[in-house]
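Student: Protein chains in written order, with full-length UniProt numbering: chain G, 1 to 188; chain C, 1 to 188; chain B, 1 to 188; chain A, 1 to 188; chain W, 1 to 188; chain Y, 1 to 188; chain F, 1 to 188; chain L, 1 to 188; chain E, 1 to 188; chain V, 1 to 188.
Incorrect hints may appear among the rest.
[Stated by the list, open to error] If you want a taste of the chain E side facing chain V, the calculated C-beta under 10 Å gives, among others:
| id | residue |
| --- | --- |
| 1 | Ile-4 |
| 2 | Val-47 |
| 3 | Thr-50 |
| 4 | Ile-65 |
| 5 | Phe-109 |
| 6 | Gly-110 |
| 7 | Ala-135 |
| 8 | Gly-143 |
| 9 | Ser-145 |
| 10 | Ala-147 |
| 11 | Cys-167 |
| 12 | Pro-173 |
| 13 | Leu-178 |
| 14 | Ala-179 |
| 15 | Val-185 |
[Claimed, not checked] Calculated cross-link-like contacts (lysine-lysine; reagent style BS3-like; alpha-carbon spacing at most 27 Å):
| id | chain 1 | residue 1 | chain 2 | residue 2 |
| --- | --- | --- | --- | --- |
| 16 | C | Lys-170 | G | Lys-92 |
| 17 | B | Lys-170 | A | Lys-91 |
| 18 | W | Lys-91 | A | Lys-91 |
| 19 | L | Lys-13 | F | Lys-170 |
| 20 | L | Lys-10 | L | Lys-33 |
| 21 | W | Lys-8 | F | Lys-13 |
| 22 | W | Lys-170 | Y | Lys-13 |
| 23 | V | Lys-170 | E | Lys-92 |
| 24 | F | Lys-170 | L | Lys-91 |
| 25 | C | Lys-170 | G | Lys-91 |
| 26 | E | Lys-61 | V | Lys-170 |
| 27 | C | Lys-91 | G | Lys-170 |
| 28 | G | Lys-170 | C | Lys-92 |
| 29 | L | Lys-91 | V | Lys-91 |
| 30 | F | Lys-33 | F | Lys-10 |
| 31 | Y | Lys-170 | W | Lys-91 |
| 32 | F | Lys-21 | F | Lys-10 |
| 33 | V | Lys-61 | E | Lys-170 |
| 34 | E | Lys-91 | C | Lys-91 |
| 35 | L | Lys-170 | F | Lys-92 |
FYI, nobody ran anything at the bench for these hints, they're computed from the structure.
Just so you know, these numbers come straight off a predicted model, no measurement behind them.
For glycine and all other residues, C-beta sits at the position ideal for the given N, C-alpha and C.
Number of protein chains: 10
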Amino acid sequence: MSSIINTKIKPFKATAFHQGKFVPVTEQDLAGKWAVVCFYPADFTFVCPTELGDLADFYAKFQEIGVEVYSVSTDTHFTHKAWHDASETIKKINYPMIGDPTGTITRNFGVMIEEDGLALRGTFVINPEGEIKVAEIHDLGIGRSAAELFRKVQAAQYVANHDGEVCPAKWTPGEATLAPSLDLVGKI
Amino acid sequence: MSSIINTKIKPFKATAFHQGKFVPVTEQDLAGKWAVVCFYPADFTFVCPTELGDLADFYAKFQEIGVEVYSVSTDTHFTHKAWHDASETIKKINYPMIGDPTGTITRNFGVMIEEDGLALRGTFVINPEGEIKVAEIHDLGIGRSAAELFRKVQAAQYVANHDGEVCPAKWTPGEATLAPSLDLVGKI
Amino acid sequence: MSSIINTKIKPFKATAFHQGKFVPVTEQDLAGKWAVVCFYPADFTFVCPTELGDLADFYAKFQEIGVEVYSVSTDTHFTHKAWHDASETIKKINYPMIGDPTGTITRNFGVMIEEDGLALRGTFVINPEGEIKVAEIHDLGIGRSAAELFRKVQAAQYVANHDGEVCPAKWTPGEATLAPSLDLVGKI
Amino acid sequence: MSSIINTKIKPFKATAFHQGKFVPVTEQDLAGKWAVVCFYPADFTFVCPTELGDLADFYAKFQEIGVEVYSVSTDTHFTHKAWHDASETIKKINYPMIGDPTGTITRNFGVMIEEDGLALRGTFVINPEGEIKVAEIHDLGIGRSAAELFRKVQAAQYVANHDGEVCPAKWTPGEATLAPSLDLVGKI
Amino acid sequence: MSSIINTKIKPFKATAFHQGKFVPVTEQDLAGKWAVVCFYPADFTFVCPTELGDLADFYAKFQEIGVEVYSVSTDTHFTHKAWHDASETIKKINYPMIGDPTGTITRNFGVMIEEDGLALRGTFVINPEGEIKVAEIHDLGIGRSAAELFRKVQAAQYVANHDGEVCPAKWTPGEATLAPSLDLVGKI
Amino acid sequence: MSSIINTKIKPFKATAFHQGKFVPVTEQDLAGKWAVVCFYPADFTFVCPTELGDLADFYAKFQEIGVEVYSVSTDTHFTHKAWHDASETIKKINYPMIGDPTGTITRNFGVMIEEDGLALRGTFVINPEGEIKVAEIHDLGIGRSAAELFRKVQAAQYVANHDGEVCPAKWTPGEATLAPSLDLVGKI
Amino acid sequence: MSSIINTKIKPFKATAFHQGKFVPVTEQDLAGKWAVVCFYPADFTFVCPTELGDLADFYAKFQEIGVEVYSVSTDTHFTHKAWHDASETIKKINYPMIGDPTGTITRNFGVMIEEDGLALRGTFVINPEGEIKVAEIHDLGIGRSAAELFRKVQAAQYVANHDGEVCPAKWTPGEATLAPSLDLVGKI
Amino acid sequence: MSSIINTKIKPFKATAFHQGKFVPVTEQDLAGKWAVVCFYPADFTFVCPTELGDLADFYAKFQEIGVEVYSVSTDTHFTHKAWHDASETIKKINYPMIGDPTGTITRNFGVMIEEDGLALRGTFVINPEGEIKVAEIHDLGIGRSAAELFRKVQAAQYVANHDGEVCPAKWTPGEATLAPSLDLVGKI
Amino acid sequence: MSSIINTKIKPFKATAFHQGKFVPVTEQDLAGKWAVVCFYPADFTFVCPTELGDLADFYAKFQEIGVEVYSVSTDTHFTHKAWHDASETIKKINYPMIGDPTGTITRNFGVMIEEDGLALRGTFVINPEGEIKVAEIHDLGIGRSAAELFRKVQAAQYVANHDGEVCPAKWTPGEATLAPSLDLVGKI
Amino acid sequence: MSSIINTKIKPFKATAFHQGKFVPVTEQDLAGKWAVVCFYPADFTFVCPTELGDLADFYAKFQEIGVEVYSVSTDTHFTHKAWHDASETIKKINYPMIGDPTGTITRNFGVMIEEDGLALRGTFVINPEGEIKVAEIHDLGIGRSAAELFRKVQAAQYVANHDGEVCPAKWTPGEATLAPSLDLVGKI
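Could you put the whole structure together from the sequences, leaning on the hints where they help?
Tutor: Structure, rendered in structure tokens:
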């Protein structure tokens, strides 16, 4: 098993429910800007809405730093709309909710639970070249944190834009970064 | 590519530098308690000591909740000792530093960068049954956060110990959890 | 391609929404009585509720002649419940609505549209031995008729119970059947 | 096993008995208009003539809506002629009776009973593009209904000619159809 | 391609029309006595009835010398009966007319014309051990002779019953046979 | 096993003893006229000379209707000459006697007895296009009839030359033939 | 290609013409005594009789030293008898003349000319254990010498019976042999 | 196993000791004249020098009739020279002594004893076209005769130069040869 | 297993620590001059520094005769620098210390201990054409000698530069060499 | 290509010339004591005798420390004896000279030059368990040193007998060895 990190995302074709409309989405739509793709098991279940709602609350901040957010489950876009209609939490969501009933995207990112036909809780940060830079996967009952995700995306963007610098542990914007050099070997 | 989540860790044999000694470590040593396995690219480099130091600072807290921590790189245990001797940051480390010059463990967890012979920044939370419950992998320049890792381990332990409850997004101990039931369908 | 007629149904494990509860269903539950299995593309769509409602209206008559009815789509049972809550038509349904997110059952009966992850409009009549006796599959836009289905089930039951008799075209109970004999060769 | 629905019919070459003549028939003859292909087990048997006669009675109505009808068995065209000569019911038939002694067409449509060398009772509705839109297969003793077949062909034609409309359950010409729209999600 | 001569006939199961009844026939029915198996292309055609009639005229003589005769075509036994009803020539037949709609027997004897689904004009003489001793195959338009066939069966029986004797060219019962011996080498 | 009837004869190269000379023969020599190829087991044996002599007596008649005759065994042409010198019967032969010590021709026609290296008693009628129209194979002890062979060749020639006519059973020149037509179906 | 020398002769079953009788011969008949097997192309040819006659002249001497002689060609035993009858030279032969029409023995000794179906001029000396000790093969036109063959057999027998001695070049009985010893190295 | 007779010799490259020099030899050197290739097991052994000496004595006669002689063993050319220096018998040799330590030539002629790495006593006569016409192989202890070899080469040359004649058994120059003709069949 | 001697070195890409810098090294850097490649198991271990120090002491002499020296272990170049900083012995090294964490070079030269991920003590002398002329491999505990290595390189260079001469055992510059000639065979 | 170091020597059977006798040698003879196996290209050549003589001079010292010495070339044992007789240098040899004309041993140690059939100059030190501890291979013209070989064997023996000690570079008996310990990491 080799890592998904630094691989290109694979092609897909899907329909999303986005701000009251059904819209087509492909891997081409992710090209040219940073993206977060957030998988969850199923609409109309329990941990999922808290995570999607947490992400909805951070959506404006992600937009500010040029990041698009996509949620994905193996439900249809019809079901996404119905859930959006029915749930107060989901109603807050403004990012595209992708329907993946064939499981293509879910398998592309290696998070399909084959015996259930549902996705694990996987989050992926993708750069404008379509390469996966950060992956995070939880077993079903364990919720993620949108705040920490936001920190990671900021670090990934900083590193991408500042050649020769790297972000140390728990770095947040404004803190010092590191510029690797031979003199630092064994000195940190 | 299928997910590593909920798979059993594979067998390995290695030597670690641990509190001034060279000790053997196998997958058997992880059985029966929670474990965190933290991969990094190479000794005597730059982001790595900040992450390992961050983890060293949290080590007492991990110990308190019954979690052992292991760091792993493809360096030898001889080099781990030499780094421990040479670096102020690394000197703080009390957890076992595993040497993986054959790359066996690094490939077991799918984080080998084959063209470099070095590990990606991957962190894995493993339950007492040896099953991987949380995975997090960063490309080389992006540092991880020990605090967020600690939160995830707490959530994973809570879910494992409380049948019928799940932890919502960004949950920390003391906050409410969710108990899935048919009546909640579409109500969150 | 050989016909599904007279083959045994293949094993499956699923969860259904049935009269307010989530219940497990396997191929074992179909054994020992006649069954109708009715596939449709997706919850919260258009032709589907009219067909399922048509079937709901005939459900008492099917029950009277000892036939269980099952509807199946690739949606989850969570979504089935949500649809049942939301739609006036679906609310009438008293038969089990099976969730098949892995597509196992849908593929077992050969009605998966692989590029969509959705089922065709397929109806199957199954005898108490688990053998498929009648199959009927429509492309997506063309609705089925519960009345005609009821007639077919009655004919299938009559033939099964009356050795040596067969039902001619458009037969309904009470009409004459045929008893094949050598003297009839070329006489009908 | 994947469904035959929406696949193109496969090539074949055969001889039919048609209105007192032996005529060649290929898959090309079906192109450009709607067709019904009706398989039955064997000439000079029992259910078969009632079904073929039922279809003969509807033949004028099928012709009116531009549909050609073909019957097929694994008998030769010589036998079809002999049966037509011998049977009062079969004498009514004006549509082509295809002889398929090689079983090519019967296998093309997946209705060969290999251990008998005879066809199941399968009916297929094929659009002018040669794509199968409706399939219906009965085990041997269970007769079909030409009237219901006529209804299905009408629905299939309506859907093909009215973009954006679909036919609900048990629809017949003159009744309302449905135009799927996002607003209808969960409202039927 | 190796010869069929002296091979055992292969297993088959079929239904024959025999003296007003439908009877099962298998390769077991041929065991223990001499048999002639006579293939022809199709019922209700042209050369076939003359050949079958010729054979019917010799049937009593074959019976006298302990030989059963079977005719085989790829038509069904239903069609055989209908032909027997319809044709004056065929009505004379008292031997079993085997229906082979699956083509199993026809292929067993290597006389299937695959592109037509019909048998060549092949005749086979089979001894009580089930071994083929004489084969004769004509292309479609060329009729066989029952008289010559009768001569061959007599020669085959004579050789089988008289160890050490062989029948010279155009031998008929009563004529001298040959007893091979070393002294005859080069003397005939 | 599929039939040899209507296949093209395969290429061969051989030497024949013909009217006091050793001459080369290939499949090309058979092209353009009708041919009879007559296999027999071995020179200097017993049934063989009576059959070859029978054929020698008919040779003039075969020549008259444009048919060449070839005998073939797996002996060499040297042995054919020696036999011709030694045997009164064989001395009558004027047709080419082909030597086939490699068994190529014998295997081409499927009449090699592999465990003996000898040919079965097989006779084949070949048209000017090199296609086999009649095959007749006897086990070793059973002699053939040149008169019946002559009748078959005449029938084969008649059919080849009279499009639309076929020869009924035991036809000989001068007798009526049949012209197949739809009106005759079931009338013979 | 590895040598045939010191390999065991392979099994065969054949019929020989031997002193006026047809007798079976197998590889078992060669066991327990020395044998010479002499292949030649064909009966009734030219070099062959001189070689076989030469061997016939030496036969008594071979018999005296306990050696059986066998001649083999791909002709039948019938032809061998006919040749023995016809030729003055061959009439002298008292050793078994094996018929090998299947070519089994000829191929066993590697002397088949596949394009002709005839044997090369090969002679083999075989010891009582069935192992080939001497091989000699000539192209077709080059005759062998029975005298030299006799010398070789004598040398082979001498070596087999006198452990530790070997026969030098052109040795004949009575002449000195050599007893290899370390002292002779480089001294001859 | 097929015969080496009439095959072309395969390519090789070797070094020979020839009249006080080390010279290269390839299969090209054999082209255009007759050659004898004489294999023996090993230098400094026992039978070998007597055979090579016997051949040395005939060398002038072979030269006279245009034949080159080569001896071959799996020793090196260094060892050949050392043997030539050390042995009185070998000192007489004027023909090239080829060293074949790789065993290439020895395997080309099929005379390698694989378990010993030594050659059998094989002699081969090769015509100017590089085709092997005579082969003679002895097991280790049995010496060959140069005189008989000389006779065979003479016969091979005679046959090659006199089209239409063949050499009978034990022929030597001056004796009559045979001219095969049809009239001689069975007369010798 | 065939020898590495006289094979070309395979391509590699690596980073070395060389005189205070990190520099890229490929197989191209070895082209055009003599090179010594010296593998050892691991930095910060025990025999290794004495061997590398021994080589460091001879480095000036190797440079004088135009030879570059490379040390290789499976450690990273970071670790090489850290060792250079930490060890008095290693500080003396002026030749490039190659890091081979992927094991590519170590496997190229066949000295990887796969179960440890470490190199054996292997030394290779490579000529300017990139061909390996001398190989020397020790098990882990056995130290090498730089002085003897220096002698071997001198001999290899002498032989390369003096066509027709070879260096006898324990040769050192200034001593006599040997010029092979036919007269010397068996004289040394 | 993986290293031969620490592999077991493979089985072989050979004959050696040893102190005036021909004696069998197998891999079993090497068991239970230390051994040196010394390959060289060919007897009667140039560098080889100097190396073998150098080894002969050290043979008594090797014997004293319990080491047997074997020389191996692809010549036969006959040639070894002849060389021993002929050369003053070789006459000094008292160790077994193994003949390997099949190349088995030479290939076992990976030192066969396949295109020449000769061995490279390879020396191997083997422990009493049959494991190869030291390998040294030179291209043809470069002589080895028996003195350095003797040093290596002494080091290998010392390490084998003193658990926990290793021999540093250029160690000779009497000098200090190293005992690896964690405290020495980075201190040498």
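Student: Of the numbered hints stated previously, which ones are contradicted by the structure, given in increasing order?
Tutor: Violated hints: 4, 12, 19, 22; rest satisfied.
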